[in-house]
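Undergrad: For the record, the sequence lines run as chains A and B. Counting with the working numbering, you get residues -8 to 102 for the letters of the first sequence. Counting with the working numbering, you get residues 69 to 249 for the letters of the second sequence.
Do not rely on the hints blindly, as some may be mistaken.
Stated by the list, open to error - Cross-link-like lysine-lysine pairs, in silico, DSBU-like; alpha carbons within 35 angstroms at most: (1) A:K26 x A:K51; (2) A:K46 x A:K56; (3) B:K129 x A:K56; (4) A:K51 x B:K126; (5) A:K46 x B:K93; (6) A:K26 x B:K129; (7) A:K48 x B:K129; (8) A:K46 x B:K126; (9) A:K76 x A:K26; (10) A:K76 x B:K129; (11) B:K93 x A:K26; (12) A:K56 x B:K126; (13) A:K48 x A:K76; (14) A:K51 x B:K93; (15) A:K56 x A:K26; (16) B:K93 x A:K48; (17) A:K46 x B:K129; (18) A:K76 x A:K46; (19) A:K76 x A:K51; (20) B:K93 x B:K129; (21) B:K126 x B:K93; (22) A:K26 x A:K48; (23) A:K48 x B:K126; (24) A:K46 x A:K26; (25) B:K126 x A:K76; (26) A:K56 x B:K93; (27) A:K76 x B:K93; (28) A:K26 x B:K126.
Because the hints were derived from the structure by calculation, they are not lab data.
Residues per chain, in single letters:
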Amino acid sequence: MAKQPRMTLQTLRVLQLMLDSREGLAGSDIHNATKIFSGTLYPILYRFEDAGWLKGKWEKIDPAKEGRPPRKFYELTNVGRAQAKAALVRYHAQTDGATAPAWTPPGAKPI
Amino acid sequence: MIEFIVWGLFTIFLAPFLYQLLMEKAEPIANWVVNRTADRQPEAVREERRAEWIAHIKFTKGSASQLIEALGFACRYFIRVPKLNFALGRRFVVHVAISFAGSTWGSRTLGALGGAFAVAAIFRMLDPAVSTFPDFLQFTLMIIGTMVVGLVLISAIRRRFRSDENNVASVDPPSDDGTQV
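Let's have the full structure, built from the sequences with the hints guiding it.
TA: As structure tokens, then:
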């Protein structure tokens, strides 16, 4: 089984956004919504993808015709959706909805 | 004096020009940075990440944001900021201190040497390509050489201006009560 991803406020924000979204989101969409910079955002996405929580899908377009490169959209898998919900519930239970510095699920290494 | 003139001209004319140029060419520059960063990725994911990051830059609004995002990729995946060589970092601080102390004391040699080693230390910290000692030495010598040439040029320009000032000294001497005639 893949390693559990670390949980931080940034990862929780990404998970919250993915849960709220009805369709797949590209990295730039997530950046625009959360303002998390690329150097932080993409390692989070790759960690979730490696853990099987997210599934990436390339859009099928003709770059020459569209005049832009194709984007990769991320969607939560069934496992990812369940884990994300559980992680957010645990976070809200621990912090009572207040902003906390960072949160680590049981068994994961602290940041 | 000449440094003030050079920096003044740079600030007034060159800096806004460079800024404008940077903003106009933000996307190609950002793409170049992303391509260089992608080149250092493992072969299995290299092309996929390159395509994904270039699309990210394309869909980022604003020239400054595009540059910042490209630098974000570079910081995380090219120079690997968390893995900086901190032993070299300490040495860098010492070199900068020597440079400042030398400049304040009036020793141009110490100022230049300290600065040159500091720049070399930065590059060695950030770029694994300059990781072996011969490379590092060669790199340091190159920077010292560049700085020496710069200092010689500045000295020559200073001398040229000083001799002009000396020529001006041939005006009439002040009168006995100290006022200029």
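Undergrad: When you check the alpha-carbon spacing of K26 of chain A and K51 of chain A, does it fall within 35 angstroms?
TA: At roughly 27 angstroms apart (the allowed maximum being 35 angstroms), K51 of chain A and K26 of chain A satisfy the hint.
Undergrad: Measure nothing beyond the straight line between the CA atoms of K93 of chain B and K129 of chain B; if it is 35 angstroms or shorter, mark the hint as holding.
TA: With a Cα-Cα distance of about 14 angstroms, the restraint between K93 of chain B and K129 of chain B holds, given a limit of 35 angstroms.
Undergrad: Under the criterion that the straight-line Cα-Cα distance not exceed 35 angstroms, is the pair K26 of chain A, K48 of chain A satisfied?
TA: Status holds; Cα separation ~22 angstroms.
Undergrad: Next pair to validate is K93 of chain B with K26 of chain A; report whether the Cα-Cα distance is within 35 angstroms.
TA: 23 angstroms, holds
Undergrad: Measure nothing beyond the straight line between the CA atoms of K46 of chain A and K26 of chain A; if it is 35 angstroms or shorter, mark the hint as holding.
TA: 22 angstroms, holds
Undergrad: Does K129 of chain B lie within 35 angstroms of K46 of chain A when you go C-alpha to C-alpha?
TA: Distance of about 26 angstroms is within 35 angstroms: holds.
Undergrad: Is K46 of chain A close enough to K126 of chain B, meaning Cα to Cα at most 35 angstroms?
TA: Holds, because 22 angstroms separates the two Cα atoms, which is no more than 35 angstroms.
Undergrad: Could you grab the alpha-carbon distance between K76 of chain A and K93 of chain B and see if it respects the 35 angstroms cut-off?
TA: Cα-Cα ~43 angstroms, so violated.
Undergrad: Check the hint pairing K46 of chain A with K56 of chain A against an upper bound of 35 angstroms on the C-alpha distance.
TA: Holds, at roughly 27 angstroms.
Undergrad: Regarding the pair K51 of chain A and K126 of chain B, is the alpha-carbon distance no greater than 35 angstroms?
TA: This hinted pair holds, its Cα atoms lying about 17 angstroms apart.
Undergrad: Within 35 angstroms, alpha carbon to alpha carbon, are K48 of chain A and K76 of chain A?
TA: 22 angstroms, holds
Undergrad: Please verify whether K51 of chain A and K93 of chain B have alpha carbons no more than 35 angstroms apart.
TA: The hint holds at about 29 angstroms.
Checked against the numbered hints above, the structure breaks only hint 27 and satisfies the rest.
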